[in-house]
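Engineer: Chain residues, written in single-letter form:
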Amino acid sequence: MRMPEAMSTTSYRTISVNSQPYLYLRIQLTVEGEDADKITPVQFKFLIVQALKENMGEVGAATPVDVLKLLGQGIALLRMPNRNAERLWAALTLYGRTPSDKRCAFRVLQVSPFLMGLAFDSREGR
Amino acid sequence: MASSPPFILEISSFSDEKSRHYAKVMDHYFNNGITLILPEDTSAPQSVTDCFADQLSYKLTQLPVYRLLEAPFVNGFVKKGAVHLISCDTKLDVHDCAAVTPAGCLVLHLTKDTYQELGLEAVPQTLAQKQADIYQVNIDLKADHFHPGKRGYDKAMRCLKDRLGLKFDFLISWVPHDSEVCSSSVGVYFTDLCDKVESYELTKKSRVLTSVACPRIVAEEPEGIEEGCHFQKVFEWMGAVACDISLVSEETDDDNYVSSFSCPVPRVNCPRCCVYQVKGFIPPDVILKVLKALRAHKSAHPSSVPASLTVVGFSDAPVVQKNIPHDFYLSGTNVYSFVLYPDERYWLYTASVA
Chain A
1 MRMPEAMSTT
11 SYRTISVNSQ
21 PYLYLRIQLT
31 VEGEDADKIT
41 PVQFKFLIVQ
51 ALKENMGEVG
61 AATPVDVLKL
71 LGQGIALLRM
81 PNRNAERLWA
91 ALTLYGRTPS
101 DKRCAFRVLQ
111 VSPFLMGLAF
121 DSREGR
Chain B
1 MASSPPFILE
11 ISSFSDEKSR
21 HYAKVMDHYF
31 NNGITLILPE
41 DTSAPQSVTD
51 CFADQLSYKL
61 TQLPVYRLLE
71 APFVNGFVKK
81 GAVHLISCDT
91 KLDVHDCAAV
101 TPAGCLVLHL
111 TKDTYQELGL
121 EAVPQTLAQK
131 QADIYQVNID
141 LKADHFHPGK
151 RGYDKAMRCL
161 KDRLGLKFDF
171 LISWVPHDSE
181 VCSSSVGVYF
191 TDLCDKVESY
201 ELTKKSRVLT
211 SVACPRIVAE
221 EPEGIEEGCH
231 FQKVFEWMGA
241 VACDISLVSE
251 ETDDDNYVSS
261 FSCPVPRVNC
271 PRCCVYQVKG
281 FIPPDVILKV
291 LKALRAHKSA
301 HPSSVPASLT
311 VVGFSDAPVV
321 QKNIPHDFYL
331 SGTNVYSFVL
341 YPDERYWLYT
351 ASVA
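These protein sequence lines are chains A and B, in that order.
For the first sequence, the positions run 1 to 126 when UniProt numbering is used.
For the second sequence, the positions run 1 to 354 when UniProt numbering is used.
These aren't lab readings, by the way, just hints derived from the structure by calculation.
The structure presented is a predicted model; accordingly, all values stated were derived computationally and were not measured.
There could be a bad hint or two in this list.
[Claimed, not checked] Heads up, simulated BS3-like pairs for lysine-lysine below, C-alpha to C-alpha not over 27 Å straight-line: (1) K79(B) with K204(B); (2) K24(B) with K112(B); (3) K205(B) with K38(A); (4) K233(B) with K45(A); (5) K205(B) with K298(B); (6) K204(B) with K18(B).
[Unchecked claim] Label-pair ranges, simulated between beta-carbon atoms: (7) D162(B) with I75(A): 42 to 48 Å; (8) D50(B) with P99(A): 50 to 56 Å; (9) R151(B) with Q28(A): 50 to 56 Å; (10) K205(B) with E32(A): 30 to 36 Å; (11) S260(B) with K38(A): 21 to 27 Å.
[Unchecked claim] Sample of chain A residues lacking proximity to chain B, with all beta carbon distances greater than 12 Å (derived): (12) R13; (13) T30; (14) Q73; (15) L94; (16) S100.
Quick reminder that beta carbons are idealized off the backbone N, C-alpha and C, glycines included.
Throw the hints in and build the complete structure from the sequences for me.
Structural biologist: Pasting the structure below:
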């Protein structure tokens, strides 16, 4: 995974890493008939766990997903393990109904293996 | 998502003659935002904020691409300074995109339909471009043989003007070769050539964090020892600060339901930390000035936690560094980040992911 590449002088060296442990997502949750600004972080996490449980069962729901920040308008920054990311992403996309039987949707807005990559979104606000 | 292309950390010194910091900044053409993390400061220093003062960028609405081949533009701007031009509101994975690099190369990043209609020759495709049916046409505007009357020029002009009439919204900034010349000339030049020219302002944000938990960093030991944190954890922490994720000094509860994210250990408490962010269209020359000002500031005011400068590129830029093609599969992230130590040493992170 890690390869110390060059040590031409004592002061210069490089380290390169091919895989990242996490994937970070900026996602937006919309729930029919509810104000997205009123969703609390705990409710947000609960809906994510519900989505995982519904699509991937109890084992899938045990995957550690972190809600790093709620930005308003139902937008949140998530962190999830990279090796499970495809299935988690699919589970979020397929989730369409909350436990209180309201229609809802998770939309993935931006993705990056680095949290720094989500600091700016060059596709928004131009 | 199993593997991402390399994430590289370079450890070097600004005083080292082999240091690549100048090339790194100057070859990364299309920059969308910068984040400065300044521990133990309450505001960004005047010398840093001044770097953005005379920076002018413009948004050109619906400019035909053939206007970029015309002799007055090439001779007046491309050959006399550095033109940074990139199409905006275009998505690299599904739309046509265009850019002009400071090296004088017009890059057209085209979908298959447009490419086949256009009739100009593409450069050999990369594997990712083959899979996505993307074709890239490069036209060297600075070439000696590229002027009206020559076959190559006339063909390019005919294809772009008569055959297809490609138009884009562009962002442009021009750094003149002579400091006496004002960079606003480029905005004036395009006034009559496109629908609208408007100034593209930078948005600046500054905030001060108090009592923030910072990772302890040991410059010689990036891979983590007992006294210092691993460089990947440090980069994640920098991302958290840039995204304004709360990092309190107290030990966070490991059983927190919402998030298990916390500052890496070993950590130090920083009483205050200024985060200064600028978003817009920032040419590399300005970033070089910021880096210089930051180095001067940090050598005068050393802090226990090193300061950092992070530059985030446009995720839809057709090229990232020089003429190396950029792809967008999931993210298009292209970021580099300097961590500055008081004794001229630095860590340089480079992350570029399609």
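Engineer: Would you list, in rising numerical order, the hints stated earlier that this structure does not obey?
Structural biologist: 1, 2, 6, 12
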